[in-house]
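4 protein chains.
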Amino acid sequence: MSSVFGNNIKVSIFGESHGTAIGAVIDGLPAGEEIDGDELAAFMARRAPGNALTTPRKESDTPEFMSGIYKGKTTGAPVCVIIGNTNVRSEDYKKINNIPRPGHADYTARIKYSGNADMRGGGHFSGRLTAPLCAAGGIALQVLKRRGIIINAHIVSIGGLENITEENVKKLIESLDGDSVGGIIECSAVGLPAGLSAGAGGIFGLESALSAAIFGIPAVKGVEFGSGFEGSRKKGSENNDAFVIKDGSVVTATNNHGGLLGGITTGMPLVFRAAFKPTPSIALEQDSIDLVTLESVKLKIEGRHDPCIVMRAAPVVEAVTALVLLDTMHGSPERKQYGFTTNQKRN
Amino acid sequence: MSSVFGNNIKVSIFGESHGTAIGAVIDGLPAGEEIDGDELAAFMARRAPGNALTTPRKESDTPEFMSGIYKGKTTGAPVCVIIGNTNVRSEDYKKINNIPRPGHADYTARIKYSGNADMRGGGHFSGRLTAPLCAAGGIALQVLKRRGIIINAHIVSIGGLENITEENVKKLIESLDGDSVGGIIECSAVGLPAGLSAGAGGIFGLESALSAAIFGIPAVKGVEFGSGFEGSRKKGSENNDAFVIKDGSVVTATNNHGGLLGGITTGMPLVFRAAFKPTPSIALEQDSIDLVTLESVKLKIEGRHDPCIVMRAAPVVEAVTALVLLDTMHGSPERKQYGFTTNQKRN
Amino acid sequence: MSSVFGNNIKVSIFGESHGTAIGAVIDGLPAGEEIDGDELAAFMARRAPGNALTTPRKESDTPEFMSGIYKGKTTGAPVCVIIGNTNVRSEDYKKINNIPRPGHADYTARIKYSGNADMRGGGHFSGRLTAPLCAAGGIALQVLKRRGIIINAHIVSIGGLENITEENVKKLIESLDGDSVGGIIECSAVGLPAGLSAGAGGIFGLESALSAAIFGIPAVKGVEFGSGFEGSRKKGSENNDAFVIKDGSVVTATNNHGGLLGGITTGMPLVFRAAFKPTPSIALEQDSIDLVTLESVKLKIEGRHDPCIVMRAAPVVEAVTALVLLDTMHGSPERKQYGFTTNQKRN
Amino acid sequence: MSSVFGNNIKVSIFGESHGTAIGAVIDGLPAGEEIDGDELAAFMARRAPGNALTTPRKESDTPEFMSGIYKGKTTGAPVCVIIGNTNVRSEDYKKINNIPRPGHADYTARIKYSGNADMRGGGHFSGRLTAPLCAAGGIALQVLKRRGIIINAHIVSIGGLENITEENVKKLIESLDGDSVGGIIECSAVGLPAGLSAGAGGIFGLESALSAAIFGIPAVKGVEFGSGFEGSRKKGSENNDAFVIKDGSVVTATNNHGGLLGGITTGMPLVFRAAFKPTPSIALEQDSIDLVTLESVKLKIEGRHDPCIVMRAAPVVEAVTALVLLDTMHGSPERKQYGFTTNQKRN
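Residue numbers (numbering that gives the first Met the number 0), protein chains in the order written: chain A, 0 to 346; chain B, 0 to 346; chain C, 0 to 346; chain D, 0 to 346.
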């Protein structure tokens, strides 16, 4: 367990919410990939706080590239991206230092790191660390899009409500009164060929790689592919997807398998859902304890917090998915087909 | 993606359903651990087919140890365990060679391996590969139990029915008439201390490691920790677990977090659920295609198949969980506390 | 540190010299590769003991494949190869159990594994473990040869003598009188294109991967590429290799760089040398101690031992090199060029 | 192959010689370690250019910490260290863009990265990248020193001259007249206990881990442990190290094994040597080709270059060694003994 993931493309995430900067190093990107800065900024804006429905905290979150990009293209060397922490109000967090916030990593990090973790604002476990994930994943999304692979995440439910309109979300959030809600995000990737998994594949396939990465997004507590948990309640005859020919290609009539059989893509859309718990930071009074005196205390979390991070989480899910899929294709026998640079020559 | 998992304890799974043998190499086990052969056999019997409710196929599945165990104890060198494939009836599978079975890896493996995969009986993707997982995990369970860590998986639902008695399971299965059902298994680990994750922890914590491994079990399509998907429908005030003092220790009043915050153990029981899809092998007629002629065909799968693998999957979930937790403890700063052998000496 | 190596092709070595069996699992081999059993047997015979110059101990060392090969071709699933330990005379080793043999891992393994290591015959640290390395590497050699890449290791010196004929070796070994000699092996790989390193390459390139693997061969204490240690004594003007055009291709006039610049192949032959220490098992009396009584003892090692393992080590170096290069090509953007199977298809 | 190394402590190196910045992320450092900034600066100054004997190029090379250090101590979260590139004169390199410099990665990187690599000043393959290695390793050295482990690298030979005094070095370098020299550095680590290797150890032990990392230092072309290549010319009776008791402890009378048997420490000083090729950048005219026209050209490298980087390389070798040893101890069953923080608690 670490803040590094990936096999052929390794992403190393660093930073603490109220430290100097957060960022990522992406090692193993193919060379010669154009990076569209505006597109990246627009993508990161989807994650950024500040719109009406989410936290009023304003972060500029402009990614600065230290390396790996030259004349607008990837060089093949590791890309380091840095995002400064400029809008930090640590005093909001100071007084609750010995009182772990329910649902946060305050207590577990305190024990694991013997009190040395910089947990101001959630420290390294803050949702703020999803910004470098988006910067790294935003690059991967551009590389994939260029090869016809489109990744899209959307909200399935918020606070238990499904098919939910923006108007309804607004009402729901206004009604929370200091409380918070979670939700479910569904992500799909289309344009993947059949037969894709990294290396020679095996027992631990794409579901393993994707779930490991998605569970790294703060607040994710569940991941399911295709019909997932609901599928476990069906009969085999209902859940199996019949193979059919459509426009001369092998497809399945339904997609309960979520685009993966044996951890390998079928060519159908890859589909999974991630469950986000409600934001643990709520303005309501909660029961906790003082870890020094071991006395019960009533805790009221001050500061500005998102009553619902689900809207902002959609691009994060896309970003992480893109990194895993790019890593998979990079480590795949079939990657030439995607047009990755290949210039070896025999003498 | 491969058939190897783990960081400090690496498990390499091999074998095909109808090949010579299946097995596992477990690299990195601590030395000096007594292995109780009877206990291991009893554990593996829970997974073995042959009881009334499951497949009539009889497998002896006796694990033979090639290395790493001497005088009944682990030596510290890699343990290789082999399970022969003795009861193979390949002819059952021969006729459907060009017709991919819905819900199986036949189609994806055919493409990925260019028709070279030995897919008789599901090949390397067969549920039979859970036998070496159990042999490897059975050792890990013994090592953990000796240190006060108990892992237990039980059935939460089968075919959508919850709180289900053995009598009901029997009735359900008898009523299937060639169809199949899936189900949900819940697994818990008690006895873990607070503050546990591998290495220095980080963004990709225990949920990541566990889910990656659990999704490697054939037929798993969903994993959730604590309140999981249901928790995403709650309010923060409902889902947050209050910290309280009980018998002088820090615990939480509820366990919606499933024992993990920030990917690190809280000391509460670690709890997760895995969704198993219904067995894709059913006796009912299904739509598929002939991959050579690209014509639609009606497929009827012959042979003996489990109408429900959920009962047999519980020990597999325990086994995989044990391997991940042992790996975690092994790579943890705190592992001395568990009494692992440590004999270095300074001159 | 473990007995597993490789990134996209992972080789897991297991077994102890006097245990039930030794072997290897090779995870990640490309599918559809024909394996010539006779060629593999002939290759392994080069490593086997029993010829006039080396140990009289006879081992059959016939590799048995448990998985991953079907109808003479790789299936894409992990290959497990087992070699039984049939000719074991443990009594030779019993009496010196508490007396560590100089130059062996007896002492260090005893401490690390708290006395639980099965060190009969050197246990997991025995040179015998090079047999599964050869079985695994023998497969890799065939895969590479099919793609025009030829790996060849030869003896540079034995006992300090260079350009040494077989006649001289014979004389040298006969003159040893219970003592032993080491030597230096040079290995080259021709047919590699320019521009090869795994993934996106980086600071830790092919020298890193190769040396890590080669140092895993028992008795290797040094590795150098190209002009190596001798090159460090030259001037830049002498050691730099001029770029020239030859037959329309870019080559270098000399090959002091050993085929690697920046950890990436230049297209010139990849050349490195490995230094093997003299066999630590000698028939002469040596000073050691009894680890129980801590008293000084005179140790005389009984049993049959190679006075020089260098001849038998050449195929081992080839095998390990082949595994590293195949792994490199497998994880390389350029691998399509080598004709690896690639059957993904877009719908 | 990548710019990431380590297992439990992962170091990710980034940056290009003439890009915005170079740096490193160190993931997995133990928490609560005090970092002495003055000591780190003094250590890095040993590597910095600017003294009389080496390059006149002046770099400030002040490391700035973005994360992972709070109140002067490690937090347990990843440490990111950045070093700005302030003194860049790219024009020196521009004119030779299509003419690969002999002994450099210009040609191989050009092919591998299809001309997209930013190779100004050597790009990601520049010796400048040893600065972040030193920043990362400087932290590791402090952590190890606190536990009684001292790492020291010194020059064994320069330009083929051994036992060389500073006066002689000065004379040698002044006499080079545009040419360059290489050399050999010996590194030792004392204070290591017997029985140390990461995890359960195995065939690929400390020599493998150390050599892989050391070969990542630019210009290293050889690594040998203990008597190394010279040992391969000895007899077993000469090269074996007798075990003796000294002051009540088990030691060896000599140290030809370099502190490692079976890839595990013996408790004797760990000793290895690294061969550095002569600096490939020389002021003398060299033969090369124009990669566009494929015509032969005479190349004369302008700009400021070290005629000998061996003096500056000693701290780099120490830094890399410290990172590998800290990683080893971190992943070792025995790490508690070293006083690493451990605060897990059972409820």
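Where hints are given, some of them may not hold.
Because identical chains cannot be distinguished in the list, a pair is counted as satisfied if it fits within a single copy or across any two copies.
Computed list of lysine-lysine pairs in DSBU-like fashion (alpha-carbon distance at most 35 Å, straight line) [what the hints assert, rightly or not]:
1) 234 / 72
2) 170 / 234
3) 233 / 72
4) 70 / 297
5) 299 / 144
6) 70 / 169
7) 70 / 233
8) 72 / 169
9) 170 / 245
10) 170 / 299
11) 72 / 170
12) 297 / 144
13) 70 / 170
Worth flagging that the hints you see were computed from the coordinates, not collected in a lab.
inquiry  = Of all the hints numbered above, which does this structure not satisfy? Sort the numbers upward.
reply    = 1, 3, 5, 6, 7, 8, 9, 11, 12, 13
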